[in-house]
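Those protein sequences? They're chains G, Z, U and F, same order as listed.
Here full-length UniProt numbering is used: position 118 in the first sequence is 118, and no number is missing along the way.
Here full-length UniProt numbering is used: position 32 in the second sequence is 32, and no number is missing along the way.
Here full-length UniProt numbering is used: position 312 in the third sequence is 312, and no number is missing along the way.
Here full-length UniProt numbering is used: position 117 in the fourth sequence is 117, and no number is missing along the way.
A couple of the hints might just be wrong.
What the hints assert, rightly or not - In silico BS3-like pairs for lysine-lysine, Cα to Cα no more than 27 Å straight-line:
no.: 1; chain 1: G; residue 1: Lys219; chain 2: F; residue 2: Lys301
no.: 2; chain 1: Z; residue 1: Lys315; chain 2: U; residue 2: Lys301
no.: 3; chain 1: G; residue 1: Lys40; chain 2: F; residue 2: Lys261
no.: 4; chain 1: Z; residue 1: Lys315; chain 2: Z; residue 2: Lys219
no.: 5; chain 1: Z; residue 1: Lys181; chain 2: Z; residue 2: Lys219
no.: 6; chain 1: U; residue 1: Lys33; chain 2: U; residue 2: Lys301
no.: 7; chain 1: G; residue 1: Lys181; chain 2: G; residue 2: Lys315
no.: 8; chain 1: U; residue 1: Lys301; chain 2: Z; residue 2: Lys181
no.: 9; chain 1: F; residue 1: Lys301; chain 2: G; residue 2: Lys181
no.: 10; chain 1: Z; residue 1: Lys181; chain 2: Z; residue 2: Lys315
no.: 11; chain 1: U; residue 1: Lys33; chain 2: Z; residue 2: Lys219
no.: 12; chain 1: Z; residue 1: Lys40; chain 2: U; residue 2: Lys301
no.: 13; chain 1: G; residue 1: Lys315; chain 2: F; residue 2: Lys162
Unchecked claim - Residues from chain F shown here face chain U by an in silico Cβ test under 10 Å; the list is partial:
no.: 14; residue: Gly115
no.: 15; residue: Ile148
no.: 16; residue: Ala159
no.: 17; residue: Val186
no.: 18; residue: Arg193
Don't read these hints as lab results, they were simulated from the structure.
Computed from a predicted model, the values in this text were never measured in an experiment.
Here a beta-carbon is modelled for each residue, glycine too, at the ideal position from N, C-alpha and C.
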Amino acid sequence: MADVISYREAVAEGIAREMRRDPAVVCLGEDIGAAGGVFKTTAGLFEEFGPERVWDTPISEQAIVGAAMGAAMTGMRPVAEIMFSDFLACCWDYLANEIPKVRYMTGGQVTVPLVVRTANGGGLGFGAQHSQATENWAFTVPGLKIAAPATPADVVGMMAAAIRSDDPVVFFEHKGLLASKGAPAPPGHLVELGRAAVVREGADVTLVALASMVRVALKAAELLAAEGIEAEVIDLRCLVPLDTATVLASLGRTSRLVTVEENPYQGGWGATLVSVVADEGFGLLDAPVRRVAGECVPLPFADALEERVIPTVDKVVAAVRHLAAY
Amino acid sequence: MADVISYREAVAEGIAREMRRDPAVVCLGEDIGAAGGVFKTTAGLFEEFGPERVWDTPISEQAIVGAAMGAAMTGMRPVAEIMFSDFLACCWDYLANEIPKVRYMTGGQVTVPLVVRTANGGGLGFGAQHSQATENWAFTVPGLKIAAPATPADVVGMMAAAIRSDDPVVFFEHKGLLASKGAPAPPGHLVELGRAAVVREGADVTLVALASMVRVALKAAELLAAEGIEAEVIDLRCLVPLDTATVLASLGRTSRLVTVEENPYQGGWGATLVSVVADEGFGLLDAPVRRVAGECVPLPFADALEERVIPTVDKVVAAVRHLAAY
Amino acid sequence: MDAAELLTRYEQMAVIRRTERAAHDLFLSGLVKGTTHLAAGHEAIAVGASAALRDDDYVFATYRGHHHAMARGATPEECLAELMSRATGLCGGKGGSMHLTKASTGMLGSYAIVGAHLPMAVGAAWSARMRGTGQLAVAFFGDGATNIGAFHEALNLAAVWKLPVLFVCENNLYMEYTPIADVTAVARPAADRASAYGLPGETVDGNDVVAVRDAVARLARRARAGDGPALLEAETYRHFGHSRADPAAYRPAEEVERWLKHDPLDLARGRLVELGVAEERVSEADARARDVVARAVEAAKAAPAPDPGTALTDVWADGGAAWRT
Amino acid sequence: MDAAELLTRYEQMAVIRRTERAAHDLFLSGLVKGTTHLAAGHEAIAVGASAALRDDDYVFATYRGHHHAMARGATPEECLAELMSRATGLCGGKGGSMHLTKASTGMLGSYAIVGAHLPMAVGAAWSARMRGTGQLAVAFFGDGATNIGAFHEALNLAAVWKLPVLFVCENNLYMEYTPIADVTAVARPAADRASAYGLPGETVDGNDVVAVRDAVARLARRARAGDGPALLEAETYRHFGHSRADPAAYRPAEEVERWLKHDPLDLARGRLVELGVAEERVSEADARARDVVARAVEAAKAAPAPDPGTALTDVWADGGAAWRT
Ligand SMILES: Cc1ncc(C[n+]2csc(CCOP(=O)(O)OP(=O)(O)O)c2C)c(N)n1
Ligand SMILES: Cc1ncc(C[n+]2csc(CCOP(=O)(O)OP(=O)(O)O)c2C)c(N)n1
Ligand SMILES: [Mg+2]
Ligand SMILES: [Mg+2]
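So here's chain G without its partners, still in its complex pose (with noise of 0.2 Å):
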């Protein structure tokens, strides 16, 4: 085993153990055959797995993942990729209306086990419409499962959950993180989807951050501990499950919450996290809660105004030293 493996190959790593375990697991997606998809997230799948389980696809969104749900529906357990998560406003349909819903409203008969990956997130300067962060678009819809992982190991243990789910899953690789490198997964590596991480002890605040943002936390609370500011960073994982357990009882040793956020602060996750806070954590609470979100406005392209808008670290530090001195 490798010492080290990128983030971008845990992808294709984690996908494959699946495909070897079991038979019925298929992707599909644009240029994700012989090409090993534009992120090179699925290099190696079609050569060791062929045409007949590796399926490359017009450029037709709706049909990528409304026929991933038929195929789910009758046996299979697919595999989108929708390359970039803004597209995945070209097929929302299915995401909101369709995949989340048949369950429920048949009563039950039907099961769909499908995962929907893309790649998720800016800081890399691809403009408006390929950076947005779009994991709390998914987070307002009830009945997806929302896997967002950090680490190239969490990749693998978190893709493993969401293929073996009955459960449709989206899966956010953030683009920002396809070249990071970590410990690889032991075999067998499973990571249950819901289980936030305390990727950080500290006792003084508590930092709740999710994929990329885990990184720009961990870099703030650095930071912060030469100040004698002790923060815990906990890396939320999912969205769905949602891990309130986790950070409430982070909480009741901190007392003090700030979320990162790449997602705007308008309808971003942090939101729905406070508010639950806010209602079962008010008691635990010495001081206001602060989320460092993304700017209310679409991703501009150029570096200097980018930074502007997404979370940086020194962003998160100045929040938490302003909850420190209240």
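On the provided structure of chain G, position chains Z, U and F with the ligands as indicated by the hints.
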């Protein structure tokens, strides 16, 4: 002027007033012409303005909203109807990626003065794909103004503001309110977008609601008054601009907040409001904040089930009692 | 189709017709809430197509789908109970008229977003191909659905992958209240689009159960043999309005009259006479249909409402609805 | 097209070609971030079509849209400055390579979601019709875009309303890395779909600026006369990979070679010779193009980055970004 006017009539009246004022205002949508719309919310427009201003379209939600966008960029003020708000999912790319971003991503070169009107919400037994309150979908997208009137007069006044706005507006007409009646709008009535209305004063708790939930909140307030709890009820009217100032000012008086939302708890608009309050209004709060929202399930068909899922007067009363006891 | 089979098909159609009438009456009397989209007039398409299918084939339908549910084995009672919000309904009261589904017989659902189910049928056919089962998938949809993007994406993908899927358009000349010709660039909304996917574009009299059976059987054979999907446009007409209590005043009286004379049940009855079936055999079938539906109405009325607690089940495969810890 | 005009068009194409090469080099040297989709090889489509349009016509393009921006009057400097994240860029650094827009000359944007701009062009044509201006709208899009739902909806609506809009497909044989033939049910992805909308389906050599100009001029005349939209498939090839540093290894060497020999600039040069234009006139045009682009590169390099504060402007028509009180 009639003594009362229905919400349904107010929609057509609001559009007609603007069509009379401004020849650039045109309507398009499915069955909106001679048929007057599936909900009769465009009744009379075809007769008054003719086929050059009121256009029947094919079942092509992307073409409807995309064409509205192109027309808005080139001198018209289109008012596009998407029959049920659930179908916004079929043209979500336009709502999420195109219309709200084009001004920004072109550095301000392009203006998109359009209105997307849509019948929203549940309570009528239309099932999982025709009953959703989807204003929270739109709320995840910076760059859209979001209007959701609760009374006939507000329908007219906010329609005027929406059509005259140089920004894109998503206008949610609540299906459950269409038959409701209220005072007609005076001539020239204009309700600025982003101004909440305090529709009942009270010193003990603030209830914030939208569209059909205003009624629910008001009824709950009546019951609570009988128990000696005086609730202030705020009709938010718009989600963007969000009138947090009015809410915070009310909390300055009441110190307690309950949101009443038809959309599901996860990813609902109330979460964002609560997160603003938990930050900027933390010092005002004497009790936890509670959100009475839709259950995180698709909308079921049967009455007995739908009632269990959507907020009711009883649920609001129970939430307030809980906070009052805090 | 021989006389015995035709009589069976006739009876099936009679059951559907009477169920739709019952649904209409129950709606007017307030026992069915929300909305209904009745398929009276469309019976021959569902029954004829089903007659050409294997039991393990897949069917996907629209909000106007009662006839497909029943043609694939759902009972009038299960359907009416669902419409009447009963626990005994096909979907336990969670679906309603627009979402009738009987997965156990391959009727994989009724979908209420126009066109959305076409890609699903493609996926079911793709799955059948991968599993090597020889199953077919059939999507039924309206003329109005031919103008939505999902139609285009589904047909192209099915054609490229040469999948065993049939697209059957029920062209009843109208979307809701607008004539399809007013909003469609070609005369035959489905058949005239076939060439854009390299498919033959066929039409059939959708009110003739034998013609529908024959056309579907032929196209099904072709598709199962690996020769790819097909698009079939079945011309028909609805006897009721679009939905609820729509009186369909937008349809010319002459047109309505002409089509009511071209009734699928009358056509089948005429064929039965030609085949020498005694009139009383037909009357017996009618009587059986009447009884079945009458009993179904009573049973549905007597059935209990769903337990409100079930509102919070069936979101997830574990049966629950928990979205957080 | 007479010699003088052809020389002008040649020079325009040469400027585009050199700008694209410059963009490529600047990307490799790290001065252009994100991504670029270069249009080298596609010049004749943009320049030929523009030559047939009125100044007040509307153009909608894709992420591969540099050529359209320049053909409609954007300068190489404005384009390169945008790619290099400068305040002087066409969109002030907010758009980037994929969103070049010059609204003041009717170039109403480059859109990065495949197919999304087709309905917009329909809307602009609808608006022109309602305002009675005689303006035309043109949407340029790739072969891959013909398989997405928005294509279908846009073409049908345009045809039903008989709008003055042209749909010009730049068929370069590939979507990103996948040959279009592998994922499309018909041989000519655009032209073979025309009949599904009652439109004539034409193809043209997209590398021949004169042929493109003539075809577009003819279809534009027809559309302006009220005879409805048209679909034109222009065959072409990209000289670079799909985007960024893609070496396009998936394309057979023989195919690349054949197409490089069928270069739009070479073709125009050949025609100029035929028309008796002296070779030095062509060399002068080349030299001017080189100079313009070289100066553009220097100017863009020297330009300032945008003020970070502008990240929070231009969401709303009032210039601001406030979403709450
Ligand atoms: C995407 C979408 N748009 C609009 C509607 C509303 N709607 C329901 S049925 C219908 C007409 C459909 O016409 P057609 O496809 O011909 O089927 P028919 O009802 O005639 O059987 C419309 C517009 C919808 N359900 N979904
Ligand atoms: C809806 C959507 N799906 C996928 C993509 C990713 N993507 C960008 S360009 C491209 C290929 C487009 O091919 P084509 O239309 O032939 O245009 P070309 O790039 O060849 O000019 C793809 C798949 C996208 N931008 N939008
Ligand atoms: Mg129809
Ligand atoms: Mg191409």
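For each hint, the structure was consulted:
A threshold of 27 Å between alpha carbons decides the hint, and for Lys219 of chain G with Lys301 of chain F the separation of about 33 Å lies outside it, so the pair is violated. Pair hint Lys315 of chain Z plus Lys301 of chain U does not hold up; C-alpha atoms about 30 Å apart against a cutoff of 27 Å. The suggested pairing of Lys40 of chain G with Lys261 of chain F is violated, with an alpha-carbon distance near 32 Å, which exceeds 27 Å. Of the supplied pair hints, the one linking Lys315 of chain Z and Lys219 of chain Z holds, its CA atoms being roughly 11 Å apart against a limit of 27 Å.
At roughly 16 Å between alpha-carbon atoms, Lys181 of chain Z and Lys219 of chain Z fall within 27 Å of each other, so this suggested pair holds. Between the alpha carbons of Lys33 of chain U and Lys301 of chain U the distance comes to roughly 13 Å, so the proposed pair stays at or under 27 Å and holds. Among the hinted pairs, Lys181 of chain G with Lys315 of chain G is consistent with the structure: their alpha-carbon atoms are about 25 Å apart, no more than 27 Å. Distance check on the hinted pair: Lys301 of chain U and Lys181 of chain Z sit about 34 Å apart at the alpha-carbon level, beyond 27 Å; violated.
With a CA separation close to 34 Å, the supplied pair Lys301 of chain F and Lys181 of chain G exceeds the 27 Å bound. With a C-alpha separation of about 25 Å, the suggested pairing of Lys181 of chain Z with Lys315 of chain Z holds against the 27 Å cut-off. In summary, the hint linking Lys33 of chain U to Lys219 of chain Z is supported, as the alpha carbons are separated by about 25 Å, within the 27 Å threshold. A C-alpha spacing of about 32 Å is found between Lys40 of chain Z and Lys301 of chain U, which places the hinted pair above 27 Å, so the restraint is violated.
A threshold of 27 Å between alpha carbons decides the hint, and for Lys315 of chain G with Lys162 of chain F the separation of about 53 Å lies outside it, so the pair is violated. Against a cut-off of 10 Å between C-beta atoms, the interface hint on Gly115 of chain F holds, since the closest Cβ of chain U lies about 9 Å away. The interface hint given for Ile148 of chain F is met, as the beta carbon of that residue sits about 7 Å from the closest beta carbon of chain U, less than 10 Å. Evaluation of the Ala159 of chain F hint against chain U yields a held restraint, the C-beta minimum of about 4 Å falling below 10 Å.
For the restraint placing Val186 of chain F at the interface with chain U, the shortest Cβ-Cβ distance is roughly 5 Å, inside the 10 Å limit, so the hint holds. Interface hint status for Arg193 of chain F: upheld, as the beta-carbon distance to the closest one in chain U is roughly 4 Å, under 10 Å.
Checked against the numbered hints given earlier, the structure breaks hints 1, 2, 3, 8, 9, 12, 13 and satisfies all the rest.
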